[in-house]
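Number 298 in my numbering belongs to position 230 of the sequence shown; there are no gaps in the numbering.
None of these hints come from the bench; they were simulated from the model.
Fair warning: there could be bad hints in the mix.
In silico BS3-like pairs for lysine-lysine, Cα to Cα no more than 25 Å straight-line [as the list claims (entries may be wrong)]:
1. Lys224 x Lys210
2. Lys219 x Lys242
3. Lys236 x Lys224
4. Lys165 x Lys219
Just the calculated beta-carbon pair ranges, DEER-fashion [as the list claims (entries may be wrong)]:
5. Ala280 x Thr256: 22 to 32 Å
6. Glu213 x Met69: 29 to 39 Å
7. Ile160 x Asn217: 18 to 28 Å
8. Gln170 x Glu213: 31 to 41 Å
9. Gln198 x Thr282: 35 to 45 Å
10. Asn195 x Glu262: 18 to 28 Å
11. Asn260 x Lys99: 48 to 58 Å
12. Cys245 x Glu213: 17 to 27 Å
13. Arg139 x Asp241: 51 to 61 Å
14. Ala280 x Leu76: 43 to 53 Å
Please read these numbers as outputs of a predicted model, since none were measured by experiment.
Even for Gly, the Cβ is constructed at its ideal location relative to N, Cα and C.
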Amino acid sequence: MEFSDEYLMRINEDPIGVGLAVCRTATGRSKPATADAHSALLLETSLLLGTMVKSGLLQTTAVPPSIVNGRLRRAADGYTYVMHIQREIEGILAREKAVQRQSEMEQRFDRLITGSFGYELTEGDLNEVQDLLNRLRDLVTKSEELTDNHKERLLKRLEEVQQELHKKLSKLDKLYCLAIEVSVVAGTIGKNAEPLVKVAKALFGISYRTHAHTEGLPSSTTPQLLGDDSVSNLLD
Numbered sequence: 069m070e071f072s073d074e075y076l077m078r079i080n081e082d083p084i085g086v087g088l089a090v091c092r093t094a095t096g097r098s099k100p101a102t103a104d105a106h107s108a109l110l111l112e113t114s115l116l117l118g119t120m121v122k123s124g125l126l127q128t129t130a131v132p133p134s135i136v137n138g139r140l141r142r143a144a145d146g147y148t149y150v151m152h153i154q155r156e157i158e159g160i161l162a163r164e165k166a167v168q169r170q171s172e173m174e175q176r177f178d179r180l181i182t183g184s185f186g187y188e189l190t191e192g193d194l195n196e197v198q199d200l201l202n203r204l205r206d207l208v209t210k211s212e213e214l215t216d217n218h219k220e221r222l223l224k225r226l227e228e229v230q231q232e233l234h235k236k237l238s239k240l241d242k243l244y245c246l247a248i249e250v251s252v253v254a255g256t257i258g259k260n261a262e263p264l265v266k267v268a269k270a271l272f273g274i275s276y277r278t279h280a281h282t283e284g285l286p287s288s289t290t291p292q293l294l295g296d297d298s299v300s301n302l303l304d
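Make the full structure from the sequences, and use the hints.
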């Protein structure tokens, strides 16, 4: 087998990335004219991609190759199938990169052009948020209680915050959403949720404090919920 179990375990976490790597493994070694010599690799790759499509991890307009008695009817069809999916994934990533680039430019302009940004973290809060993100990433990746779905959701929101984390911010919604998502997910794992709850509380506190300061409220202003150190409702 070309693709090990350890390699395949990454699929649920990063289907697009793994899918592209799988495609490039096959298309990097074979071409339409040499497909017959790589029929086994193209068969394994086609079956793997087909399983990802059936599982909803990938979407494609490609037509799967015909397989008869455990072999590709035409190895070249396997190559065509794999290359079609590869180009679709590359198109998705190119669009995502363009959108991300646009977002980065907008964030940069918002930070630098006077009056464009709405919120400003103190140097201490900025460093604390970064420490909290690092701690959260470690807690999530090492957790044996969180489901794969919960891990994927949290890490996705975390990276969205990480990409836009600067001292000056045009909005706080992603920071708020991350704090809420962590709090909700923490409530699903019972008594061992305390480290996640503390991170959620700290992130929400910084978001609220920054928001309140921008609105002209005292920096010490906190919602009543955050003034209560009890997290027993999430830990019971």
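Taking the hints in turn, this is what the structure says about them:
no.	hint	result
1	Lys224 x Lys210	holds (16 Å)
2	Lys219 x Lys242	holds (17 Å)
3	Lys236 x Lys224	holds (22 Å)
4	Lys165 x Lys219	holds (23 Å)
5	Ala280 x Thr256: 22 to 32 Å	holds (30 Å)
6	Glu213 x Met69: 29 to 39 Å	holds (31 Å)
7	Ile160 x Asn217: 18 to 28 Å	holds (21 Å)
8	Gln170 x Glu213: 31 to 41 Å	holds (37 Å)
9	Gln198 x Thr282: 35 to 45 Å	violated (20 Å)
10	Asn195 x Glu262: 18 to 28 Å	holds (23 Å)
11	Asn260 x Lys99: 48 to 58 Å	holds (52 Å)
12	Cys245 x Glu213: 17 to 27 Å	holds (22 Å)
13	Arg139 x Asp241: 51 to 61 Å	holds (53 Å)
14	Ala280 x Leu76: 43 to 53 Å	holds (48 Å)
In summary, the one numbered hint that this structure violates is 9.
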